[in-house]
Structure formats: C-alpha cells, structure tokens
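Take a look at the letters that make up each chain.
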Amino acid sequence: MAKIIPQATILEKYFVTSTLPTQWCPGCGAGGIGHAVLQAIERMQLDPKKVVLVSGIGCNGHFTRHLRLDDLHVLHGRAPAVATGLKMARPDLEIIVIQGDGDAASIGGNHLIHAARRNIGITTIVSNNYIYGRTGGQYSPTTPKKSISTSSPFGLEDPPFELCNLMVGAGATFVARGTSYHIIQLIDLVERAIKHPGFAFLEVIAPCPTSYGRKNPETGITGPQMLQWQKENSVSIKKAAHMSEESLRGKIVTGILLDRIEPEYSAAYAKVRQRAQKGGLA
Amino acid sequence: MAKIIPQATILEKYFVTSTLPTQWCPGCGAGGIGHAVLQAIERMQLDPKKVVLVSGIGCNGHFTRHLRLDDLHVLHGRAPAVATGLKMARPDLEIIVIQGDGDAASIGGNHLIHAARRNIGITTIVSNNYIYGRTGGQYSPTTPKKSISTSSPFGLEDPPFELCNLMVGAGATFVARGTSYHIIQLIDLVERAIKHPGFAFLEVIAPCPTSYGRKNPETGITGPQMLQWQKENSVSIKKAAHMSEESLRGKIVTGILLDRIEPEYSAAYAKVRQRAQKGGLA
Amino acid sequence: MTTEIRLSGSGGQGLLFIGRILAEAAGVFEGKNAVQSTSYGGQVRGGSSRSDVLISPAEEEIDFPEVMDADLLLAMNQEAADEYGGKVKQSGVVILDTTFVKQPPKTRGRIIAYPFTLKTKERLGSALPTNVVVLAVISQIGALVGKEALVRAIKKRSPKGKDEINLQALNLGFELVKTGVLQRDGDDERELH
Amino acid sequence: MTTEIRLSGSGGQGLLFIGRILAEAAGVFEGKNAVQSTSYGGQVRGGSSRSDVLISPAEEEIDFPEVMDADLLLAMNQEAADEYGGKVKQSGVVILDTTFVKQPPKTRGRIIAYPFTLKTKERLGSALPTNVVVLAVISQIGALVGKEALVRAIKKRSPKGKDEINLQALNLGFELVKTGVLQRDGDDERELH
Amino acid sequence: MSREGLLLQGNEAVSEGAIAAGVRFFAGYPITPATEISEVMARRMPELGGTFLQMEDEIASISAVLGASCGGVKAMTASSGPGLALKAEGIGYAVCAEIPCLIVNVQRTGPGVGSVTPSQQDVMQAKWGPNSDNMIISLSPASIKECFWLAIRGVNLSEKYRVPVILLSDSFLGHMSEKIDLPSPEEIETMDRPRPTVAPEKYKAYDADINGVPPLANFGEGYAVRLVGNMHNKAGDYSRNPRDFDFLINRLHNKILTNLADICAYEEVEIDGADLVIVAYGIVSRAAKAAIRLAKNQGMRVGLFRPIVLWPFPTERLAEIGKKVGGILVAEMNMGQVIREVERTTRGEVPVAGLNRIDGLLINPLDILAKLKEMG
Amino acid sequence: MSREGLLLQGNEAVSEGAIAAGVRFFAGYPITPATEISEVMARRMPELGGTFLQMEDEIASISAVLGASCGGVKAMTASSGPGLALKAEGIGYAVCAEIPCLIVNVQRTGPGVGSVTPSQQDVMQAKWGPNSDNMIISLSPASIKECFWLAIRGVNLSEKYRVPVILLSDSFLGHMSEKIDLPSPEEIETMDRPRPTVAPEKYKAYDADINGVPPLANFGEGYAVRLVGNMHNKAGDYSRNPRDFDFLINRLHNKILTNLADICAYEEVEIDGADLVIVAYGIVSRAAKAAIRLAKNQGMRVGLFRPIVLWPFPTERLAEIGKKVGGILVAEMNMGQVIREVERTTRGEVPVAGLNRIDGLLINPLDILAKLKEMG
Amino acid sequence: MTEISIQRKWCKSCGICVEFCPKKVFTVGELNEPIISTPDACTGCRLCELRCPEFAVIITEVEERSHE
Amino acid sequence: MTEISIQRKWCKSCGICVEFCPKKVFTVGELNEPIISTPDACTGCRLCELRCPEFAVIITEVEERSHE
Ligand SMILES: Cc1ncc(C[n+]2csc(CCOP(=O)(O)OP(=O)(O)O)c2C)c(N)n1
Ligand SMILES: Cc1ncc(C[n+]2csc(CCOP(=O)(O)OP(=O)(O)O)c2C)c(N)n1
Ligand code: SF4
Ligand code: SF4
Ligand code: SF4
Ligand code: SF4
Ligand code: SF4
Ligand code: SF4
Ligand SMILES: [Mg+2]
Ligand SMILES: [Mg+2]
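Chains as they are written, first to last, in this note's numbering: chain F, 1 to 282; chain L, 283 to 564; chain X, 565 to 757; chain H, 758 to 950; chain R, 951 to 1326; chain C, 1327 to 1702; chain U, 1703 to 1770; chain E, 1771 to 1838.
Bound-form chain F, shown alone:
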C-alpha cells in the first residue's frame, strides 16, 4: 500500500479553504472522489501548474471549486469534448475530467464515447451515484431497474448502461471501476488512470443518500449505510474472474477492467503535422 498523504498537506497545498464547507449533503460521495484525485496528484508529484480539472455540471462537478488548480467548469455533458480540445491544443497539460453519471452518460454520452474512440489522453472520472443529484433526484441512464426516483415514481423500467461496457465497446484503452468505500484502491486507480497514456475511464460508485438512498433503501439510506452496502457488494476483478456469472449478478466488480496501449490521440496527431509539414499530402 502506497503512502497516504496527510490531509493537512492536501488542504494546505490544494484547497482554497475559504470556499468550505461544501454545498453537498451529509454523506455525499462527491468528496471521496476528491480525496482520491488529490492523493493521486500529490503522490505522483505532478506539477500543480500543469494539472487542469475540467468539471461537469452536477453535484460532483462542484468539487473543483474548492481547489487552487486550473479549473474549467463547463456546460452540462460537454466536459470530454472541452478536454479534447484543450489536450490537443496543450498536450503538456494533465487533464482530469470530473463528471456525474448524468453528465457523462446522458447528455454527454456522445462526447464520452468519442473521447474513448479517439484515445485522447485525458482521465475521465465519473461519479456514478445512479441519479441526477443536482436537479433533485431524477433517474439517470445508470439507475438500476425498478428504482424509485422523482421521475420514476412507479419504479423504473429503463435498462441501465453498464458504463464500463459502453467504454469498452467505444474502444477505450483503460477502463476501471472503484467505489467510495474502497478509498485506498480508488487512489491507486486514479493514479493508474492518470498514468495511462491514452483515454482513461474510471467509474466510481458513489453514494447519493439524499436523492437515491432515501427512496431506495435496499442499497442503504444514509451515507454510512450506502458505503456499507458497497463494501458488502463489491468484488475485485481478480476474484470475479473465478466467479460464475450468476454469483456476480448485482455485484460491483472493482479494479482495472481493461488496460491496453494504443497511440494517444494528440501524439498521433503530431504525425499528421509532420506529414503536412513535409509538404506532401499523404
């Protein structure tokens, strides 16, 4: 287990503490992801000047407002597209995208799959709390069937996306899943995702007690209950390899699900520049 950086250090180096407290509800999963991101950044000794956060609209996107880092808080769903432009213009920057499940998979689904397809060198972290938290708890494209939400008062019949599968289908080269509960693993996953040279996708199962928990007590009502549920229902990818499909049903498989190397897009594009500058059309 790698070293944990003291919170005091993180606070001092990265936070604008005058912006705290956060606006989140008690037990919200957004903060945990924030910890993991900052721990990884600090552990990797990234130059904070070169780290840019691109944050989506939604509760989870609110994390970045508390930090002393470049931060582009963009339109709902557009973060991967914005980050793609930024990375192409400035390949020297380390770009971390923070989105919610609605932001990433609903309105932003197309940008997400295209970022994956291009293998653009950004890290996209999606906080999947199974709900639109920020707008008061409507179901999202990841909300499990039968869930109650303010827009599915009779129980949802929409099948959900498996975000990681979607990413694999879209051609992503790094796909991982973690949970808020497994915070130590999560830091490692963030680190691995950042280190991955192409597009890295990390899904984090995160509690939204207010908008999801209260209406769907099966997975816990309060923050601690929801973390407990995560603890009890997660299986590492290693273990999962030895389990039957049946016994995996309803389980959260955590870890790195896919990791392969393909040319990173901004680097690949450099070849286009070379060819263009040599003059000939290919």
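No lab work stands behind these hints, which were simulated from the structure alone. Hints are supplied without guarantee of correctness; some may be wrong.
Derived lysine-lysine pairs resembling BS3-like cross-links, with alpha carbons at most 27 Å apart [as the list claims (entries may be wrong)]:
#1 F:Lys13 <-> C:Lys1560
#2 H:Lys878 <-> H:Lys913
#3 F:Lys215 <-> L:Lys427
#4 C:Lys1622 <-> C:Lys1699
#5 L:Lys332 <-> R:Lys1154
#6 L:Lys553 <-> U:Lys1725
#7 X:Lys719 <-> L:Lys560
#8 C:Lys1622 <-> H:Lys846
#9 U:Lys1726 <-> R:Lys1184
#10 F:Lys145 <-> X:Lys724
#11 R:Lys1273 <-> C:Lys1650
#12 X:Lys653 <-> R:Lys1323
#13 C:Lys1486 <-> F:Lys49
#14 C:Lys1699 <-> H:Lys846
#15 R:Lys1095 <-> L:Lys295
#16 F:Lys195 <-> L:Lys427
#17 F:Lys271 <-> H:Lys844
#18 H:Lys846 <-> H:Lys878
#19 H:Lys844 <-> C:Lys1622
#20 L:Lys497 <-> H:Lys919
#21 X:Lys719 <-> R:Lys1095
Let chain F serve as the given structure and place chains L, X, H, R, C, U and E with the ligands on it in line with the hints.
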C-alpha cells in the same frame, strides 16, 4: 433461400416512380439497402400502412423520398430519438430507421446508444460507407485509419468505431452486419432485425465511390470494384468463429453477431402504466 | 385588504410546507384568494429559505405575489430576523423562534418571541413539526384561517404517516396561543437595538 | 466597364474550374479586378451548373457579383441555352456547344455555335478538357485575358498530372479561333426561333 | 378532474393544462426550474395511459416529442434556457416540417449556465433561437390560472396552425402556488390538427394555399405522409426551386400573420385616460398592477398593457396606444428585450423607457412606481 | 504568406484571415456551405503546427474550441444555421465564462434543415440564439477581402474583449472567388487577450471594474484560473448574491457598450445629399452599390449605409442618418430582420421600407432600383 | 424464361449489373451503359435487380413457350 | 501517536468517520456530530481523513513522547 420479390412488384407497390431517378452517384450503396428493406417488408407481408420510415440526413437518408410510405425525414443524427418517441406513442407501428454512419455514429451517437440501452422496438439500419457522403467526403467516426478524405488530406489518425461493438457495449439485444454485395443475406438480416422484438441494429457496409472510393483506391474506386472488395473481404460469423484474430484483421464479419431477448421498452413501459393506474406508487 | 405573511429561516425548517398549507387552507378551504411564493435558490441543501403567503378576500385579487411590508413575519433564524425585520408594517407582528434568534431585530412591528423548536421537542418528542406549531400560532395571531381549514390542508398535504404528528403540533400551537404563554415585547424597546 | 461572362451547362462539365482560371488570369496575373461566383445547389452530383465571371479594369471595383446582362454567354447544354439566352446584351456573344445544344436559344446576342465536346474528343482523345478549349475561345472572343496569364493560371490550378492536357486544350482553343472554323450565325435568324 | 379548487404551483398548473388539452406524451430532460413539470408528468402520463419519457438530453426530448406528434399523440416538452438553446434546431425543424408541439420554457437567469433564479431573459430566444426566420407562437402567463389555460391554448394553437408553441414561464411563477378552480372537461375547448379531406392516394402533407395550414394525417393511417425539414414542395419532397422556397417560407409566416385576430391576446388595464402606460408581461405584470394601485393612490393615471401572446407581438394595438399616451414604461426582468419591440412599434411617437432587472429578484412595485414618477 | 495577389473563395479567405490573426486551432463539423473552411483548416492547421479537429458534432466543436482557447491557443469553428443553433448554448457559455473564440456562420436558407442556398436569415439568431441576454459581436463581410480582414478583426475583438465573435458569411460569398492581395505579416495587427498583471496567488479570472475586461491567464501557467458559465463572483466561484449577478451581467454588456467607438464599423456611400438611403450588409450591399450606380444614371440621389459590425448595431449613426434623409430601404435576404433594428433606431422619423428575398437567390440591383422608385 | 428491361432514364451506368451477373448477360456500351447482350443466358436469379442502385433493372418471368 | 481534529464548521455529521474507523475512535454526539472518544486507540491509518466527504478530519502525527 427465401423468395425474391420481383422488382416490378416492388416498384408498383412501394415507389413513387415520378421521383426517380435518384440523386445518387453511379454505384452508390444507398440503393442496395433500399432493396433489402423493401424486399423484407414485402416478404414479411407487413401492412404498409403500419410501416414508418424515419430517415436521417445524408445521402442514404434520401432513399425514403422515393417511396409511398409514411416517412419522417428528420434532423441530422436525431432519427433514433424521434423513432423512440414515435414508438412509445404508437407501439402498433413498425418503425425502420435509415441512417448513414455520420448521422448515426457522429452527431447521432448519443441517441443511438440510448435507443440500444432502452431496447426500444425499432430497427435501425446504418449504411456505413466510411464517409460523410452528402457533404462531400469528410471522414466519419467509422473511417479507417490512414484514409484520405477532404478533411484528412494527410491521412487520418483517428481510430474508428466498431459500430457493432459499440452497440453491444450499449446493451443492444440484436446486432448484425451485412454488406451491399451480399444482398440476399442482407434481406434476411433486415427481416430478422425487423422481427426482433427489441432494438435491432444492422450495419451495412456500403460503397461510396465518389467520396471514399476515389481517394482510397485500396478498397476499390468504382461501385463494382468496391462491391468486389466486399466480396473478397467478408467472412460470415460462422466462419469467423473458427478463425484466428490475426486472420480476421481487416475482414468484415457478416451475420447476426448478437441476438438475445429482453423486454422491449414500449412494452416494459406498459407495466409502468399499469402500476400507475392501480394507484399505488411502486 | 391583502394580508402579507413572510415565513423565513433556514432550508429544512419546513417553511415552504407550512406556506402552502396556509395558502391552501385560506384559498381552497375558506374560499379566499391566496398566493404562496418562494425565494428560489440553486442550493441542494441548506442555506436560507423564505416563503411568502398573501391572503385576500375572495373578491379582491392579489397582484404582486411577494410580501412588500409584512403584516406577519416569522423568523426562524438570526439572519432571517435581521434581514426582514425592517420590512414589517407598523401594525405588523414579528414572531421569533428564540431557539435560534438570540438578538431581536430592528423592526417597527410588535415582537412575539418564543423558543418554538425547543418547546416542540420537549412537548412532542421531536423538533421536526415545529413548523406546524408555528403555523398554528401565526394563523391565530393573524386571524388568517380557521382551524378546520388548517386540519383539512394538513391532512391533504402531509406525507404518509406524518399527519398524526402534524395535527398534534397544530394543537400545540393553538394551545400556546390560548394559554398566552407567548411572551410579548413592546416595540419601543426593540427600536433601540 | 465591367465585362460580364456567364458559363453555364451541366455539373461535371468543369465550368467552375474555368471560371476560376479566367478570374485568376485576369485578376491575379493581369492585375484587373475579377469576381467569380457560382449558383450553389444542394445536389451531390449532376444537375445544372452556372459560373459567372466579372472582369473590370484595376481602377474599377466590381459591385454586384452576378451577371445581369451577359457580354459573353457560354451554354454547354440546351437548358442553359434556353434559360440564359435572353439575358445577353445586344452587343453580346453566345457560345454554344452544339454537341449538346441542338436548338439555338432566343437571344439578342451574336451566336457562335460549334461542337466543342465532339471536336475536343476527336482532337485530344478525351472530351474532358473541353472546358479549357472553350475557355481559350471565350478569352479570345471577349478579349478578356492574354494567353500567358491563362497558362499561368492553368498551371497553378490544374490537378497533378492534368496541366499538360489542359495546356494542349488551351492551344486547341486558340487554334480554333485563329483558324476561323467557329461557325457564325447572325442574330436575326435566331430571333425567329 | 374535480371542480374543487386546488392550490397548484405554476409548473403543476402548466402540466395539468396541457393534460386537459389532450397531451398524452411528455419527453424531457431535467433542468431546474422546470423539473417539477417532468415530475408531474412522470406521474400523470402513465396514470392516464400516456407516455412519460426521460430522454438522454434536450435535443432527444424535442425529437421524441416530434416523433410522437407525428403519430397523432399530442406531445410536449419542458425545459429552461440552456435546454431551450439545445432544442432550437428541433424547434426550427418543427416550424418547417409543421409538426405541432408545446414547449414550456421556465426561464432562469443567464447568460450561460447562469442561475436558477427567475428571469424573462429568453423572450428573444423563443423567437430567434432557431436558425433562419421562424414564425412561432409564444405565450406568457402571469398567474397559476393562466399557466393552466395558456397551456391549453398553446396546445390548441399548435394543433390548429401546425406550429410549435413556446410557453414562457419563469422560475418564480413555476414555483409559486395559487388557488385555481379546475374546469370540468366539457368547459375546455380542445383543438385538433386539421385532418385530410382527400383520399389517401391524393394526400400531400404540405398542400395548402399561400396563407393556409395544410391538413395533417397521422402516421399509420395509410396516407403515406412525408414530413421533412428541408425546403420542400407540397408533397414534402426536396425542392431546389426558388419558387417553392418562396411559397413555403411565406406560407409559414402567412398562416400565422393572417390569423392575428385569432392568435393574439393581451390584457389592458385602465388604458383609457392613462398618462403613462406600463408594458409588462408574465410575473412582472403583477408588480405593474400593484404599482398602478399605488400610483392611483398618489393621483397618477397609469395603465397597463400586458401581452399574453408575446409572439407574434401585438404591434398594432400597441401602436394605437402609443399614439394616445404620454409615455410608456417597459418593465421586464432582462436587459431590455420587449422594449425593442415597443420602440419599433411606437415609432418615436411616445417616449419609451425601460425598467430592467437581471439580478434574480422580482421587479418590485416600488421600483416601477419610482420610475413612473421619474417619467413624470 | 506571399504578397502576391490570390484568387480566393470567401470560405478560404475567412480561413486565411483567421490564420493570419493567429488562430492555430480549429474544431468543426462538416455542413454545407461551410465545409470548405473545415477543409482548408484540415490542411493549413497541421502545416502550421496547429490542430484541426473534426468533432462528433457542432456542440462538441464549440466545446473543443473553448477548451483550446483556455489553453491560450486562438481557436475557431465554422458552421451554418442549424449548426449555429446547436452551438448556441456553448456560445452563451463563452459569453458568461468570457472565453475568446471566433465562430464563422456561413448562412444558408431556412427554417429547419432548409437548403444550402444563400441567405441572411441568421442575423437575429447570431445575437439571440443563446439563452438569456448575450452581448456578443457579429461581423458581416461583403467581399473576399473583407472575409479576410474581418476574420482578423473578429479574432482580435474576441481576444481584446474576451467575447465570442460571430462572423456572418453566406453561401454565396463563401463560394465566390475574388482577387485579394494578402498583406505581409507585419501589416497585420494581432491582439491578444489582456494578460494578468498581478501575482498568480492574487489572480482572479473575473476581476474587473463594472466596464472592464478582466485579464485572462492561460491554463498551465500557475494562475489557478477558474472559468465558469454559472453566475459567479470575481474569483469565478458560484454566487447566489443578486449583487454579483447584477454586476456580472451589466459588466458583460458594458465592456462592449462602453467601447462602441472601437468596435462598431460601417461603410457609407454618398449619404450626404442622398434622398434615399439603402441599408444593406454583406453580399446584398453589393447589389445596393450597383443599384446606386443605376439610380444615379437615372438622376436619383441614393446612398448606402452598410453595417460591417452588425452586433452591436450602429444605432447612433443610423439615427442621425434617419433624421437627414427622405426614406430608408432595408434590403436583406430574409423576412425582415435588420429592418427591425432600423425601425427601432429611426423612431419613425423617416419612412422605412423593406426589400426581402428568401428564395435562395441574390437580391438583384434591379429589384432594389424598382423598390427605390416606388419609394419616390 | 425471363425478359430483362432497364429503365434507361434511371440507369446511371454504374456497371454493377454488368459485373455481377452470374451469367454475364450484360456487356458495357460506348457510354458505359449496360447492354443486354445474352438475354437467353439469364436464369432469373434477380441479382441484377437487387443490386442495381437505381432500381432500374426489371426482370419479368415469361411463360416458357412449348417447342412449337 | 496522532492528534485528531475535526473542522466543526465543515463537518456535516454524516457519521462516516464514526462508522468506518477500524479502531472505533469516534462516537456519535447529541446532534449526530462525531465525538473523538478514544483518541489513543488511533493507529493513524487515515481512513477517516480519506473518507470524510467534507475534508474535515485532520490527523496529525505527533512525536511519541518518551516515558517521562
Ligand atoms: C443543458 C442542461 N440541461 C440540464 C441541466 C440541469 N442539470 C444540472 S446537473 C444535472 C444532472 C446531474 O446529474 P449527474 O451528472 O449524475 O450529477 P450529480 O448531481 O448526480 O453528481 C442536470 C440534468 C443543465 N444544467 N444544463
Ligand atoms: C446539424 C447539422 N450538421 C451538419 C449537417 C450537414 N450534414 C448533412 S449530411 C452529413 C453527413 C452525412 O454523412 P452520413 O451520415 O455518413 O451519410 P452519407 O451521406 O454518407 O450517406 C452532414 C454532416 C446537417 N445537415 N445538420
Ligand atoms: S443530492 Fe446527492 S449527489 Fe447531490 S450533494 Fe446531495 S448527496 Fe451529494
Ligand atoms: S457521395 Fe457517396 S454516398 Fe453520396 S450519393 Fe455519391 S456515392 Fe452515394
Ligand atoms: S446496375 Fe442499374 S444503374 Fe448500374 S448500370 Fe446496371 S442498370 Fe444501370
Ligand atoms: S436475373 Fe440473374 S442471370 Fe438474369 S440478368 Fe439478372 S443477374 Fe444475370
Ligand atoms: S486515522 Fe484510522 S484509526 Fe485513527 S481515527 Fe482515523 S480511521 Fe480511526
Ligand atoms: S466523516 Fe467528516 S463530515 Fe462526516 S461526520 Fe465525520 S467529520 Fe463529519
Ligand atoms: Mg449522478
Ligand atoms: Mg456515410
């Protein structure tokens, strides 16, 4: 091999012949898909009154203007979303969506994956000619690497989508691929797709001699050459099962790649109506 | 004449709820005109909360739907008291929950100060229905609506299983008024703060 | 004085190409003012095509960028001839490719009719550079630009490997004018159609 | 639906109005301050055998609505400014393809993501958001009652004229509660799209004279309907003929402009004899009424002109008023949008002043009163 | 870049102008009649070490442009009406977040998908397409030369004022070729966004006075820049304070409106002594010039007022002109858009007539002449 | 037996029918147009119909005449 | 040895630190707020820091004082 309906019958029953000739270039793949759709409709003896075509913007979407069927020629990329609304409002209709690769996978990518996720009972046929034909030959999200197009004059470095993989990742329940050359198989695939109770996705590899062929002679320049290339480079899914990944590289695998039954979305939603009408919130 | 009531405090104190009950009781069950409006913010939780209710006789339409000068101001925290205390009519009444409001605000109105939250918790075992207790008090003091209408509205709008405790709270509020335990402060003193 | 030239025919006959060459030769290489414009349609292929070129002396700006009354009209198919024949000045010239135009249009202008496409195929083995042949003819007849400028523009704009054949076509055009083989029709006769 | 009075929020009233008008299909994407409309519809649509769809975004929402409408089901969506921006292309498409639908826009503060506080900043966007010239209808309610009735009116106009109708609510009205007496169904006039009168083989989806609304067959009825957003001829086939363009675009305008008497609606308060007239719409008109009350107390004669239909703008009547009064004050919660129409319409014949507020708070009667006094 | 003359199409000239202004990032999505801009950029950007990105749609395109711009690279996109509609939300975001960028809109005929023929139908959309009040700048070139120079001007204004600039070309101009003498680099003035003058720790991305343009640090320079499209305070943090809203929205307007002298541009032809003045912009102004020529021959005294900057509209100068002449004819290829501004501006002091064409063909000098004669 | 007809107004001379007729019934004409050269070889497989992008080929089955 | 401090202004009394401290260092107060009950049991694993959604827990390592 099932019966082929005489073209004379098709012309009389389905075409507004005064709209012919088409505006397509010689050898264009759009027409072949049209044949397959009409053959399947007629073979299945669907009631033409109940068949609605939803056509996207692009050369391929122009097929429907020649027909005597309900036809909604929609905005670029939006066909699956429009069709979803129509199907939910009118589950009695048989809805066939005709899109190009750009329409479906670029601007319309999000609607496509969400239609797949919901398992809405429509048939989506994507003519994949590897290019934006209608706007004069810019690369699309399916254009193979290194291709020359008006927007990749130095050779493309974007990795393409594997559309069928994307659909599998999105949760589609029926995924198939055919080619213009294999027209008999294509009719069968259209029929199977229409019969599938949920969302059915059919990719058709189709030639665009004008915008793709001329700049990328490796896969043929003219219509006949491009069909010939399809013939030589296709492998049925059956055969493919016995081939190594290596030997499958660059091959078009045709046939039904995935076929499973899950509740169709408009039918599933009927359950919500039932619960609502019984009065209780679930 | 339109009666202007402002209910102010923190998010989570249930002011929107009692605003709507009051409006419904007056508007629907007593046939008056009633408007309830809310200062609307972007926060998911917490922060300040404000709910205005305007009530007028059936024949008199309510135009502007926010309180201009309150006939009745309820302030459930210090910030609310400070911010709105000045916008009360000379003839108005300011009701403070001294559980939270430690410093009476500058106001022209008459002040009624009482530790509603504490007392509710004491009497009903939970502080949650304090809003309904206060609702009863306000309705009485302002002579806004009768008890029957309040009961109907509460029954209609209470979430499942909550109507019982809410009705208890309503009774408690009526009792507080009747028994005269609500402490009164004169205007003049307040002006000095 | 601005000279107004309209090149019309079918898509694929290369009228846009020679319009641009003409404009570039006159504008860039001979220092005049030149504008070339196109009627723009939505079709991918085929259909009608129109390319207008306006040329004026260096000191005279060109305002409206479309031909109003043509000094020179080239019609490479019947529809074009019919549609634009009437929009030619009294002093204007109408050049018809009789490979496609079988019926001279109603026009006030002088008609020059010649089977350019057929002859080009005959002489150069391919009909493709017919457009450049006609370009040469037009330039001469209208005294629009010198050969040198045309040669430069052709060299600049021809796709790789096509400049040779285009220069041959240019020469052929010049030859046709010089040798006087271009058949001439009087106005009066045409008016009767 | 009971005849008993009800306390409804604006967002609820709009929903119930649309339902009363026959809407049985809702597709939307959540956005504050419009979410309650989704939430009501999520409950009410399935209860009534209709459909509630939460789509992947606003673009998909308007798309799904148009699809449903083609199937003959009255359909609506709801959003706020940023969402309306995303729907603009689809609304323009609906204008061209002439597909009826209701779009509710609960305005919030902008530009950009802005804030969820009330505003009237999307008035111009409602008309000019889509590309090109678009003749749409836009309505502006000022009370809960009007939220209900204008939703009905919106659906009806949309069907009658085959045109998208945009109902412009705002964050304040959307969350304000007021008593409303719901009418019984028979008190509600509902309108349906004009139905074809020719045999299916002869049917063309765009067959109307230059001022006309072409009959619309629903999908699945055997009319071989072709609906299209490209420039088209009467059959709905693509056209490249300039005459077809001219005819089509003019007809799309004329079908509205030749029916202004049917479409336009406004309220007037004490205009006769007024020295000054306030032009205000939506929630601000209520501050204006209060201001008039206060002004009267102070001996001033002030009137109100309240456009209920904002687009097409009631130019004619306003021009008349402009000739009669000493000044016009346009009070609106934006940087000055309707004032542009007022200035244009009154042609300098009367001084026109603006009172604007964009800080997320309501314009107050006292603000208006002060401004009125300033104007003399 | 050579000093030799060149024959360029409008779409090429716009591209070359943007490049000359320092644009090194292009993201777009193909749409006729703007595709050539993409195609030129697909070649030129990598040649110059810049980036050409074909994004998945227009929304992604404007998004990528904004991302690149934050990185300090001058960035642009190009589209046509339907695409501009899709970009509207992003443009509004850029207004609020104050991120410089150039958006070229090559107008085609609408509504809806419409047709690729020329029009001037997106003038109002350019300003009012996004939700809420948006103070943007929009330019209208009339020649190939101007396509080039206004692209430069657009990039410069965008940087100087941290505002999105919309260049309104059209399908005709985009494909028309004209000679242009390209200037040498030193003849071109380029402008960069105002740079921070404070220490990185003190930097705030929105720190300016009520009329000011706040300095903008690029990402990756250590300033901890926070850019945001929500209502915000000077640090870029969310605000719910009405005073912050008021300050921000007013500042976004003021930074443009207090610099009209720098920003506005128009051309006047023979206005002095004119009986009638034509107001025309873009390609139509050339028909107007021809019409003036023809009118002169017939003894009429006609002038031209051509807004080069369409937004903000040159109200002041036009109001003056309105006072001096006998009539104004607004000729435009739409159903009447700029005429609304002209009517508003001239306050009834002069008769204003419109000449409109929406059939995909150019307004012709003879059309104008006939209308002028009608006006007397 | 079959009768083969080509709608000349629709045909774009793409050559697909020519190339892929299993019986090589068509040849290419001067302007690349398809010429029905050996109609009797036609087996009525309809592949030409199905592959013609312009819907321009029509095969009609005609009664096989008895040996008269 | 560690010192545990909670930023009370930031803490939202969610109970996560309480629930998941392996050493049960915290208990719940009257208003659900976390109370540092057995600070000496703390092993300095920092899980409470990392899991606190409000960044409100700060663990400081202090020099273990020698047995004086
Ligand atoms: C274009 C647009 N549509 C809708 C919204 C409203 N909106 C804000 S956040 C959000 C969803 C948030 O859900 P998610 O992304 O899962 O984030 P969470 O709040 O759950 O962290 C929505 C729909 C918006 N801001 N912009
Ligand atoms: C919003 C919008 N953006 C762009 C376009 C331009 N456009 C028309 S068709 C097309 C792409 C067509 O490609 P594809 O879908 O592959 O169809 P094909 O023409 O190749 O059959 C594009 C980009 C448009 N009509 N609308
Ligand atoms: S609503 Fe959910 S996601 Fe949003 S702050 Fe509250 S707990 Fe977190
Ligand atoms: S451009 Fe390609 S897709 Fe379009 S009609 Fe021509 S061949 Fe077909
Ligand atoms: S396939 Fe059809 S279009 Fe092609 S040559 Fe044959 S008949 Fe003509
Ligand atoms: S039907 Fe078959 S055999 Fe006969 S011409 Fe056509 S392809 Fe050839
Ligand atoms: S550091 Fe570990 S042991 Fe110490 S209080 Fe925190 S969770 Fe408990
Ligand atoms: S985890 Fe943090 S917010 Fe939650 S109770 Fe503990 S200190 Fe408070
Ligand atoms: Mg979420
Ligand atoms: Mg394609």
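Hint check results:
At roughly 22 Å between alpha-carbon atoms, Lys13 of chain F and Lys1560 of chain C fall within 27 Å of each other, so this suggested pair holds. Distance restraint check for Lys878 of chain H and Lys913 of chain H: the Cα-Cα separation of roughly 24 Å lies within the 27 Å cut-off, and the hinted pair is therefore satisfied. The straight-line distance between the Cα atoms of Lys215 of chain F and Lys427 of chain L is roughly 48 Å, outside the 27 Å bound, and the hint therefore fails. Distance hint between Lys1622 of chain C and Lys1699 of chain C is fulfilled; the C-alpha atoms sit about 12 Å from each other, no more than 27 Å.
For the hint linking Lys332 of chain L to Lys1154 of chain R, the alpha-carbon distance of about 18 Å falls within 27 Å, and the restraint holds. Annotation: proposed proximity of Lys553 of chain L to Lys1725 of chain U is violated, straight-line Cα distance about 56 Å (limit 27 Å). Distance restraint check for Lys719 of chain X and Lys560 of chain L: the Cα-Cα separation of roughly 22 Å lies within the 27 Å cut-off, and the hinted pair is therefore satisfied. Note on Lys1622 of chain C and Lys846 of chain H: the hinted pairing holds, with a Cα-Cα distance of about 21 Å set against a maximum of 27 Å.
Only pairs whose Cα atoms come within 27 Å are accepted, and Lys1726 of chain U paired with Lys1184 of chain R is rejected, the gap being roughly 44 Å. A C-alpha spacing of about 24 Å is found between Lys145 of chain F and Lys724 of chain X, which places the hinted pair at or below 27 Å, so the restraint holds. With a C-alpha separation of about 24 Å, the suggested pair Lys1273 of chain R and Lys1650 of chain C falls inside the 27 Å cut-off, and the hint holds. Taking the CA atoms of Lys653 of chain X and Lys1323 of chain R, the gap is near 24 Å; set against the 27 Å cutoff, the hint holds.
A hinted pair counts as satisfied when its Cα atoms are at most 27 Å apart, and Lys1486 of chain C with Lys49 of chain F qualifies at roughly 25 Å. Straight-line distance between C-alpha atoms of Lys1699 of chain C and Lys846 of chain H comes to about 24 Å, which keeps the hinted pair within the 27 Å bound. Between the alpha carbons of Lys1095 of chain R and Lys295 of chain L the distance comes to roughly 52 Å, so the proposed pair goes past 27 Å and is violated. Between Lys195 of chain F and Lys427 of chain L the alpha-carbon distance is near 25 Å, which keeps this suggested pair within the 27 Å criterion.
Our distance criterion of 27 Å between C-alpha atoms is broken by Lys271 of chain F and Lys844 of chain H, whose separation comes to about 53 Å. With a CA separation close to 32 Å, the supplied pair Lys846 of chain H and Lys878 of chain H exceeds the 27 Å bound. Using a Cα cut-off of 27 Å, the hinted pair Lys844 of chain H and Lys1622 of chain C holds, with the two alpha carbons roughly 23 Å apart. A hinted pair counts as satisfied when its Cα atoms are at most 27 Å apart, and Lys497 of chain L with Lys919 of chain H qualifies at roughly 17 Å.
This hinted pair checks out: Lys719 of chain X and Lys1095 of chain R have alpha carbons roughly 24 Å apart, not beyond 27 Å.
The structure fails hints 3, 6, 9, 15, 17 and 18 (numbered hints given earlier, in ascending order).
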